[in-house]
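Number of protein chains: 2
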Amino acid sequence: MKVLIVGGVAGGASAACRLRRLSEDAQIVLFEKGKYISYANCGLPYYIGGTIKDKDRLLVTKPETLRSRFNIDVRVENEVVSINRDKKTVTVVNHADGSRYEESYDKLILSPGGNPKRPKLPGIDLPGIFTLRTVPDTFRIDEYIKEHGSKSAVVVGAGFIGVEMAENLKERGLDVTIVEFLPQAVSNLDPEMAAILHRHLRENGIRLMFGTGVKGFEQKERLCVRLSDENELPADLVILSIGVAPDSSLVKDAGLPLGIRDSIRVDDTFQTGDPDIYAVGDAIDVKQFITGEETLLALAGPANRQGRAAGENVLGKRIQKDEGVIGSAILKVFGLTAASTGLNEKQLKEKKLPYLKTYVHPSDHATYYPNSTQLSMKLLFAPDGKIYGAQAVGAAGSDKRIDVIATAIRLGGTVYDLEKLELCYAPPYSSAKDPVNMLGFTAANMLRGDVKPFYAEDTDGLDRSKVTLLDVRTPEETATGMLDGAVNIPVDELRSRLSELPKDKPVYAYCAVGLRGYVASRILTQHGFDVYNLSGGMKTWRDVHD
Amino acid sequence: MKVLIVGGVAGGASAACRLRRLSEDAQIVLFEKGKYISYANCGLPYYIGGTIKDKDRLLVTKPETLRSRFNIDVRVENEVVSINRDKKTVTVVNHADGSRYEESYDKLILSPGGNPKRPKLPGIDLPGIFTLRTVPDTFRIDEYIKEHGSKSAVVVGAGFIGVEMAENLKERGLDVTIVEFLPQAVSNLDPEMAAILHRHLRENGIRLMFGTGVKGFEQKERLCVRLSDENELPADLVILSIGVAPDSSLVKDAGLPLGIRDSIRVDDTFQTGDPDIYAVGDAIDVKQFITGEETLLALAGPANRQGRAAGENVLGKRIQKDEGVIGSAILKVFGLTAASTGLNEKQLKEKKLPYLKTYVHPSDHATYYPNSTQLSMKLLFAPDGKIYGAQAVGAAGSDKRIDVIATAIRLGGTVYDLEKLELCYAPPYSSAKDPVNMLGFTAANMLRGDVKPFYAEDTDGLDRSKVTLLDVRTPEETATGMLDGAVNIPVDELRSRLSELPKDKPVYAYCAVGLRGYVASRILTQHGFDVYNLSGGMKTWRDVHD
Ligand SMILES: Cc1cc2nc3c(=O)[nH]c(=O)nc-3n(C[C@H](O)[C@H](O)[C@H](O)COP(=O)(O)OP(=O)(O)OC[C@H]3O[C@@H](n4cnc5c(N)ncnc54)[C@H](O)[C@@H]3O)c2cc1C
Ligand SMILES: Cc1cc2nc3c(=O)[nH]c(=O)nc-3n(C[C@H](O)[C@H](O)[C@H](O)COP(=O)(O)OP(=O)(O)OC[C@H]3O[C@@H](n4cnc5c(N)ncnc54)[C@H](O)[C@@H]3O)c2cc1C
Ligand SMILES: CC(C)(COP(=O)(O)OP(=O)(O)OC[C@H]1O[C@@H](n2cnc3c(N)ncnc32)[C@H](O)[C@@H]1OP(=O)(O)O)[C@@H](O)C(=O)NCCC(=O)NCCS
Ligand SMILES: CC(C)(COP(=O)(O)OP(=O)(O)OC[C@H]1O[C@@H](n2cnc3c(N)ncnc32)[C@H](O)[C@@H]1OP(=O)(O)O)[C@@H](O)C(=O)NCCC(=O)NCCS
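As given, the protein sequences belong to chains A and B, one line each in that order. Residues in the first sequence are numbered consecutively from 17, following this note's numbering. Residues in the second sequence are numbered consecutively from 17, following this note's numbering.
Don't read these hints as lab results, they were simulated from the structure. Just to be clear, a hint being listed does not mean it is correct.
The list cannot tell twin chains apart, which means a pair is met if one copy fits it or any two copies do.
Below, in silico cross-link-like pairs of lysine-lysine (PhoX-like), each with a Cα-Cα straight-line distance of 25 Å or less [what the hints assert, rightly or not]:
id, residue 1, residue 2
1, Lys-337, Lys-449
2, Lys-555, Lys-365
3, Lys-337, Lys-402
4, Lys-18, Lys-268
5, Lys-303, Lys-449
6, Lys-519, Lys-231
7, Lys-482, Lys-521
Work the whole structure out from these sequences, hints included.
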């Protein structure tokens, strides 16, 4: 069997290696239009920032290894320019010598990735404006900074790559501004979770301009970014990181069906509309594990595993069926880590799925053991307890908790399962009740009806004349400010001061993180009050109102 | 309803708080025979080592808080000395004033914990011999060291507490020897995983004496520990950490049924033989989640959650049923972390459960990003793919991976699920194929029959005349030694040198960690050889033969 593979990085190289391990006699040709295969896309920003110093480090596997160990015919600088389905061949252009040839296939696997979006704005082709996708892109940016002694950069787009680039350019000593059309960075996070990152980015000297579009670029004395608000932003360097468009050009030209946003449509075995053509990675549309809807997900883990599955499936012996993606993602932002999995609140609203949410702010490990830090966590779940998604931001331990919840989602877990999880505990690592247990407890308490939550976004709309807004923190804490119109009774005095609260009005209780508010609400509920507790307390309130 | 609770720490205090949150009108009395409640048992060794400096830090919740916030009648230095089931009362001795009284109950919750074992050896009561369970124990040890300027310590027993104490005494500047009857430390780990800790302990200056019992103690010029091998070990200080015996004295005297090893027997609602008496924590026997067998598990997470459940169950409204424990545990040993979950190989053998195992040694995060370190991981699973247990040792990231696997076990996951887990990936946190995915891949490859494993413990028994032992590493690697009788063909040359291998003998292939051996075994299998791959490679081999 002769298998051609288009694209020599995450999906393509994984497919090639897996296929070889399963079949010694397949003839495998790997086409890569660029100079490099099997490189660490995800490491590229860190090369620019200087965290990764050695160029060689960016290459995960050398072409020689794919040849000698896996007997793969690796052809770099060979671009597949068309698929000729009738003949079962592809047309290839060899960029090294300009030659053009056809290569036949029994099976074809496409992993062409995506192209960084580069809208046709005025001045877009001026020198100093870059996108980052490949190793040569990286070197180009690196050399440009060196050559021009660039001192300032505008990063357009505050997604993962934009934020990583901002951090790395800053660490390299540049003055960095992020311009983002949306009102927040990193859109897999809900706004109040992103707000924590915003503060941290600003504290680290990054200028943030949200709700701001880019209209074009102009070369004046310096390169200028023209903004939608009519202002101009001078910059020595511009990084465009406004997303990646799936590269479906080959299948489109071959007349095969496309998926959403011009992606390559595949079935759950990664087969395209042609039974001899498979596709994986950033270029394909995938099924969202929870909703079953089509979605795009440009991440390396899925690309690798899809490649592994496709490399097996082309053999036609054992078929690995895909169950879809949940979309676990993570981002380092200076000293913070933001991780998320599953659906966020914006998506749940969009899809009109009924959901509940809970916030907790536990320590990453026992507070009595040195260097514990506070996590901010959010869990989204269905009325029947099924977990929809979670987000966590903190200096340590958010990756672990989100991985645990990602595992629970994948295995169909509920918030009741999170209550029972038996996670590793010793003081340097966690607490006897792990933060994930705490999410489970607080969520299950809502579902069991033991506590009625209200949320930070509701406080403005509360008619102060119709409700009692009750701050149960200590006077020391309230000294720094209470919510407008709140009264203060510390939780520890509540039982003896019940008479101060009118019984005919609902009580909206709150504290610092939600725990004492919960205790207060349990006390009051049992004394006949109609009580709501502010989920996440003032901590989340501040994040929402940031 | 009047509820008495015996024991004011993990299980007892949790039960009391939960009960109060659910019921304002329950009368709750918490008896604690010691001076302190709600303390951080797990932090005690770190106070002695100086990592935790502030005494107050050891107290998680103050008695005042339990009184004011939770309206709990906290009675420290009040020991419950008997349960009078006929009268539904307990007899209490107030150690503060020596008085004795009865207190009636509707429901009784016991969380008396366990007692550190202190065998009646000659000289056991000599000064300088300590066990560690409570806050006063901690202060006693601390003061003894200060007062006597102790320079050396013998720790008897190399379980979690023993190893933590060894580390902390070392960090305090003492010369430390661990004496352990078993041939290894930390028996929840299998020996080859524990071997990594042994090396690390020795590298950090701890002397280890395994297979050595203690026969007694003698006060000569210095305190001497008399060993089973007739040697004597002088020491300024002895810590006995040879395990904890469940404290079931109260229920035993009350004629209630006991569980294994004299624990308190409870059902899955934590009810003892008496419907009005519940028990939780270190004192009870629990069901092993996987085997369904009775077992003991003295850990804080389960104790807390059991207390939480019992606090609810005594109310008789909603019943929280326990599904048993899997036993996730973790230990910091200087710069290493050892974590485990589920059943280990020793237990699987004992229980005669058919199992397979796989070892991998991946990096905790992408190697191209700085400061990655190598993990050593082991997964145990059933022939149908069901996960039995896992162990991980490394400088970083083992807690995360074991928590993920603990979650998978709890939700009935298989190794095929581990292959598909979508965990957070960015270079500082993991690899595109997370170490847990790698465990899944290698395990599933075995179950699918793509690779036949052999194990480090099998190499000695291999008749070199009947098999080919094939080292597929590079000559640079083999220069530092090969297995006896092995031939070397680097995997990258294998296809062209097949003729060097006799076809009529099975090939036992190995490499550094198992990956290239696996690739080699795939090549050879497809060329008609009968091949086995050394799981975990030379890395695991060395751990097994350490
Ligand atoms: C800067 C950056 C940081 C990232 N960080 C992370 C991260 O932290 N975590 C994460 O999970 N993901 C990250 N990603 C995303 C991840 O790299 C991608 O999801 C993954 O590489 C996609 O794999 P793929 O095989 O689909 O495409 P790619 O890895 O992009 O490979 C596609 C290859 O196909 C080649 N190609 C395309 N068309 C042709 C053709 N016609 N003929 C021949 N060759 C062709 C391309 O040149 C390219 O080399 C990052 C990406 C970038 C760019
Ligand atoms: C040094 C040390 C380190 C540890 N490290 C860890 C760790 O890292 N991770 C982990 O998960 N677990 C750890 N543990 C175990 C954990 O502390 C226990 O599993 C947990 O505390 C058990 O809770 P419990 O309520 O059953 O018993 P305990 O917490 O021991 O509480 C029992 C209490 O009951 C009191 N009591 C007993 N009988 C009576 C009576 N008749 N009347 C009145 N009071 C009575 C006792 O004085 C005691 O205070 C450690 C334990 C120790 C000692
Ligand atoms: C590395 C790359 C060439 C794929 O190679 P690969 O051999 O499939 O993958 P790995 O080297 O990770 O090894 C995984 C294989 O080794 C096996 N393996 C890993 N550790 C093992 C061990 N200790 N013992 C036995 N087998 C082991 C796994 O089972 C798996 O084999 P399988 O797929 O047949 O089950 C490809 O993924 C790539 O180019 N990656 C870099 C690009 C990229 O991913 N970029 C985006 C992220 S920065
Ligand atoms: C602390 C202790 C007194 C128990 O108190 P507790 O109030 O039950 O437990 P916590 O303070 O951890 O709070 C957990 C409760 O707050 C709730 N909660 C936590 N964060 C919350 C938030 N942000 N919003 C709302 N509720 C929250 C939880 O749901 C849970 O309530 P529930 O059990 O009714 O569901 C007891 O566990 C103890 O003494 N621990 C120390 C001893 C010990 O465990 N030793 C061994 C380990 S070192």
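These are the hints, each one checked on the structure:
no. : hint              : result
1   : Lys-337 x Lys-449 : between (37 Å within a copy, 18 Å between copies)
2   : Lys-555 x Lys-365 : within (23 Å within a copy, 50 Å between copies)
3   : Lys-337 x Lys-402 : both (23 Å within a copy, 19 Å between copies)
4   : Lys-18 x Lys-268  : within (23 Å within a copy, 74 Å between copies)
5   : Lys-303 x Lys-449 : between (34 Å within a copy, 20 Å between copies)
6   : Lys-519 x Lys-231 : neither (57 Å within a copy, 70 Å between copies)
7   : Lys-482 x Lys-521 : within (6 Å within a copy, 87 Å between copies)
Hint violations for this structure: number 6 only, all remaining hints satisfied.
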